[in-house]
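Residue strings, one per chain:
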Amino acid sequence: MHSEQTKDKAESIKEISDQYKHLSLFWTDIMHLMASKPQALTSIGPMRAFAANSKKISTELIEINEDLMEFNKYVTQYYKQLAEAWGIAQKKVNLKAPEVPQDIEQVEAFKRIWIDIFDNDFTELFDSEKFGENYGKLVSKELELTKHWNNITNVILQSVNLPSKEEIDEVYKEIHSLKKRVGKLELELKKKEMSKNAK
Amino acid sequence: MQNESRVDPKIIEEILKFSKNVINAPKLVAAPDEIVLEVTPHDTVQRMDKTRLIHYRSLTEKQHRTPLLISYALINRYHILDIQPEKSWVRNLLQQGFDVYMLDWGTPTSMDKYLDFDDYVNGYLDSYIEYIKNESSNEKITLQGYCTGATIATAYTSLHPESVKNYIATAPVIDGWRDTTVISNLAKHMDVDKMVEIIGNMPPEFMYYCFSVLKPFEQGIEKYVKFFKNIDNKKFVDNFLRVEKWLGDTPPIPGELFKQWIKDIYQDNSLIQNKMYIEGQKIDLKKIDMPVFTQVAVGDHLVSPECSMPLHYAIGSEDKTLRMYPTGHVGMIASSLSQKKVLPELGQWLAERS
Numbered sequence: 121m122h123s124e125q126t127k128d129k130a131e132s133i134k135e136i137s138d139q140y141k142h143l144s145l146f147w148t149d150i151m152h153l154m155a156s157k158p159q160a161l162t163s164i165g166p167m168r169a170f171a172a173n174s175k176k177i178s179t180e181l182i183e184i185n186e187d188l189m190e191f192n193k194y195v196t197q198y199y200k201q202l203a204e205a206w207g208i209a210q211k212k213v214n215l216k217a218p219e220v221p222q223d224i225e226q227v228e229a230f231k232r233i234w235i236d237i238f239d240n241d242f243t244e245l246f247d248s249e250k251f252g253e254n255y256g257k258l259v260s261k262e263l264e265l266t267k268h269w270n271n272i273t274n275v276i277l278q279s280v281n282l283p284s285k286e287e288i289d290e291v292y293k294e295i296h297s298l299k300k301r302v303g304k305l306e307l308e309l310k311k312k313e314m315s316k317n318a319k
Numbered sequence: 005m006q007n008e009s010r011v012d013p014k015i016i017e018e019i020l021k022f023s024k025n026v027i028n029a030p031k032l033v034a035a036p037d038e039i040v041l042e043v044t045p046h047d048t049v050q051r052m053d054k055t056r057l058i059h060y061r062s063l064t065e066k067q068h069r070t071p072l073l074i075s076y077a078l079i080n081r082y083h084i085l086d087i088q089p090e091k092s093w094v095r096n097l098l099q100q101g102f103d104v105y106m107l108d109w110g111t112p113t114s115m116d117k118y119l120d121f122d123d124y125v126n127g128y129l130d131s132y133i134e135y136i137k138n139e140s141s142n143e144k145i146t147l148q149g150y151c152t153g154a155t156i157a158t159a160y161t162s163l164h165p166e167s168v169k170n171y172i173a174t175a176p177v178i179d180g181w182r183d184t185t186v187i188s189n190l191a192k193h194m195d196v197d198k199m200v201e202i203i204g205n206m207p208p209e210f211m212y213y214c215f216s217v218l219k220p221f222e223q224g225i226e227k228y229v230k231f232f233k234n235i236d237n238k239k240f241v242d243n244f245l246r247v248e249k250w251l252g253d254t255p256p257i258p259g260e261l262f263k264q265w266i267k268d269i270y271q272d273n274s275l276i277q278n279k280m281y282i283e284g285q286k287i288d289l290k291k292i293d294m295p296v297f298t299q300v301a302v303g304d305h306l307v308s309p310e311c312s313m314p315l316h317y318a319i320g321s322e323d324k325t326l327r328m329y330p331t332g333h334v335g336m337i338a339s340s341l342s343q344k345k346v347l348p349e350l351g352q353w354l355a356e357r358s
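From first to last, the protein sequence lines are chains G and A. Under the working numbering, read the first sequence as residues 121 to 319, first letter to last. Under the working numbering, read the second sequence as residues 5 to 358, first letter to last.
These are computed hints drawn from the structure, not numbers from a lab. One or more hints might be untrue.
[Claimed, not checked] Taking beta-carbon pairs under 7 Å as the criterion, some of the chain G residues facing chain A (in silico): (1) Ser132; (2) Ile235; (3) Glu253; (4) Gly256; (5) Lys293; (6) Ser315.
[Said to hold, decoys possible] Dumping the calculated EDC-like pairs for lysine to aspartate or glutamate here, alpha-carbon to alpha-carbon at most 20 Å: (7) G:Lys299 / A:Glu283; (8) G:Lys311 / A:Glu201; (9) G:Lys299 / A:Glu17; (10) G:Lys134 / G:Glu219; (11) A:Lys230 / G:Asp236; (12) G:Lys193 / G:Asp236; (13) G:Lys285 / A:Asp272; (14) G:Lys293 / A:Glu17; (15) A:Lys14 / G:Asp223; (16) A:Lys230 / A:Glu17; (17) A:Lys324 / A:Glu201.
The beta carbon of each residue, even a glycine, is placed where N, CA and C say it ideally should be.
Same shape as in the complex, but just chain A (with noise of 0.2 Å):
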């Protein structure tokens, strides 16, 4: 009887220490609404619609002569790429000496709901990169597209390789039939057309649902015990809380493009089969012809790396070289791995390229 009701110690004084940092929480750390996540000092040159272009402030003396167009996501916002300075993507370049744009895509409104690949191709898209050339005197620029912002900018490289001198794929969403993640699954059983009839734009708290999904118990419990349990670790804290932030801020994504992103690629898969049409111009994968540095994390459970490799043997380049990180989705763009091994990686292919 004494042996069933004998427990340690060390675990009632966890529970202990565990209720006490709970607790203390809020006097320790910052709300989230509290923290700015815009790290990088940089200007918005450009605006158009609710999309706005953002030029980041040099902090070398020399600059590579071709400037670089970060293309982010439609998903979450463009602020992981520069969430803290010791694991910002931007900042490293900007270190390395070459000059930085991002395209913030804004945040949509019902207003939006027509807005189709069309428009963020050859409108926002293709507006900004004019812009750039003109700004800097380049004929052609280098294009990094990131997750379902590199879907955008493979789109706009096959029609318009004339502009692209270089072009990076990061973690690309290009293969729906190959993807193995859950969000494939999802899409796959999707009535899409019913969904942007009845309400438009697609909702930021489905896409978080579908997000949730992914890891339930290690993103929905494990990682919350950890932040508690590490309270007093002021960097762990600064860090969780940012990704945490940045995770919780996904805009709607427009009606139109939802409907054409999830059937032309992951019902109908028409993009790798060089069967994607917009507005008429058909998206021929071969046409992309100029240097391609393709990315892909391992351990990404958002964008298999089954779905985003085909996009390196698809294209018509000569000079391309395809990269695996032993990474996430996230990991590769944010972490310090990123920073000591991806980064300078890309940065030497892209210093020769520029």
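Chain G with its partners taken away, still in its complex shape (with noise of 0.2 Å):
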């Protein structure tokens, strides 16, 4: 039954969200439509290439919205993991040595008894298929958030004519292609130079 609610409200955020995006995808490409042919005037502009672009904005915030509910999920769940796996570990602490200590020596042993106890259990956690397959999400969903960040700070490296992250990545491929082909070609020559040297 709880189960089947959750889905529900699950759902309905979604449509909510759905519904949003379609709303402001529509008046974005509508004003942006009406407006572009005075814009036309100014097309060398910054704010001509940043308009023509800003529908892209508002998708990628649309977006974030989406990640970040997701993103939630995940970091609750991985502190939730870590909160659970406290209170069992003081548990043990407190089962083990359940007495205040009163000497120097007796701080000692309770200092080693404690950090034993919670390393031993902090390791198991994160050495568990659940600890592990709910960070691979968590890490995976703040990936996306960068990519979203990413998208739209090309943005507004375009409306400046600067190049995006994407072309960048192309030149330093291709340089690194190139440097990959010199040097085999640098060896070649070698090789032949020392043939030629041994006859």
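Can you join these two chains into the complex? Each is in its own frame, and there are hints to help.
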């Protein structure tokens, strides 16, 4: 019953989000079409380029919102796992060392017990399938948020005629490939020279 | 009631002493930034892109004929092998009469995100080995790989056995499926394609996070308590700060290299199954047929012994030795145990073959 209610709630949030996305895109598109003729007069200015791509920013912002909900789900789970591990470890410490330490030797012994139990329990958590899986999803969502932020930054970069991240990556890839080819050619040349000298 | 409120005066005394130590710490010790980690005199003899080849100056009149090149890990920097004179791996080998080179992988930038295993194995490592062979007039050298540096060195040794006279694998990362560490668990669940596509190189902060989850309370709390408690102990403090500085300094890892490493070692476990390829060339561990010395630490929580030991059984060498030491990942290379036990054993083995 509870899981059905949660599912219904999630679907309803998704519907609202989709409606908002559609509404936003509709009006940015219409306004862009209505305004494109006077804007064309200033076609080389930054505002023209920015306005032409502003729809992209609203799309990204909406998607960020959707991804943030997912991110929050995994980050909540992450801290829940940590809190549960802490609670269990503390109970174990209380069982093993119920007395309040009275002297310096007892304080040292208590500290050792506390650290050993906490280290063991947390290592067990970090080593578990449930932690690894949730952590992987959490990082993945964080990366998607980064991607949206990159896309928004690209719109701003393009509005001032600067290369986007993808364009810079293309240059890096090309440089890497050229360096590799030059390196191999140099090696071939060296080998040929060596065999020539040997003759 | 009187019993409940009674506190041992020694506890108060300890707390006061500890507080005093914390206050006095900046007056007594150097800031990590002020510490120079390069200890043993050396020269930079070659550079390629951001990497460089270091040659240590000899400490003995006579030297063994075969030079030794150390391929350090991709995580943190090579300084741990020369962290301080009395715990220096490099200095010890020099004192035993070996001619020692070190490969410094440098600090990759965004521009290097497409560097892959091929660049590291057939590019940097191969070029530096060719240089050492020419300089020393040797046809072969001794190669040592440490941690992830041993993954690269293992791949190199399989592809270019004609250049390697002896191979030393120190805590090598080989069999990801057998690895029992937290790092391996995190790596198995990583969407590494997405990570590299979006952020490019693997950021140092992320690597630092992965290490901070290893023994979080011992490493995150207790060791700092020990540091302040021992603030008057010059030797302890110096060693602590040097290791801390080294731990906090980890360069980014090139995206493509990281992707292949996570997939081929931790996710698909291709290397140990002889299914790993570098630029179309198969890494066949059976082709490693020269003398091999594998060093494993029983208490290694970064690369578990189960991850390293399969190398010993998978290679084609007949002259092979596996040694296990009762210490950890760093303890094996920078401790009094390494000076008294690990290095003398290695030196003896190597001298007989150099």
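Results for each hint:
1. Ser132: 29 Å, violated
2. Ile235: Hint on isoleucine 235 of chain G: holds, closest Cβ of chain A at ~5 Å, below 7 Å.
3. Glu253: Nearest chain A Cβ about 6 Å off; hint holds.
4. Gly256: Holds, because the Cβ-Cβ distance from glycine 256 of chain G to chain A comes to roughly 3 Å (cut-off 7 Å).
5. Lys293: Given a least distance of 5 Å, the restraint on lysine 293 of chain G holds.
6. Ser315: Where the cut-off is 7 Å and the nearest Cβ of chain A is about 16 Å from serine 315 of chain G, the hint is violated.
7. G:Lys299 / A:Glu283: 15 Å, holds
8. G:Lys311 / A:Glu201: The hint is violated at about 37 Å.
9. G:Lys299 / A:Glu17: 65 Å, violated
10. G:Lys134 / G:Glu219: 53 Å, violated
11. A:Lys230 / G:Asp236: 16 Å, holds
12. G:Lys193 / G:Asp236: 31 Å, violated
13. G:Lys285 / A:Asp272: Cα-Cα ~30 Å, so violated.
14. G:Lys293 / A:Glu17: 63 Å, violated
15. A:Lys14 / G:Asp223: 7 Å, holds
16. A:Lys230 / A:Glu17: At roughly 16 Å apart (the allowed maximum being 20 Å), glutamate 17 of chain A and lysine 230 of chain A satisfy the hint.
17. A:Lys324 / A:Glu201: 41 Å, violated
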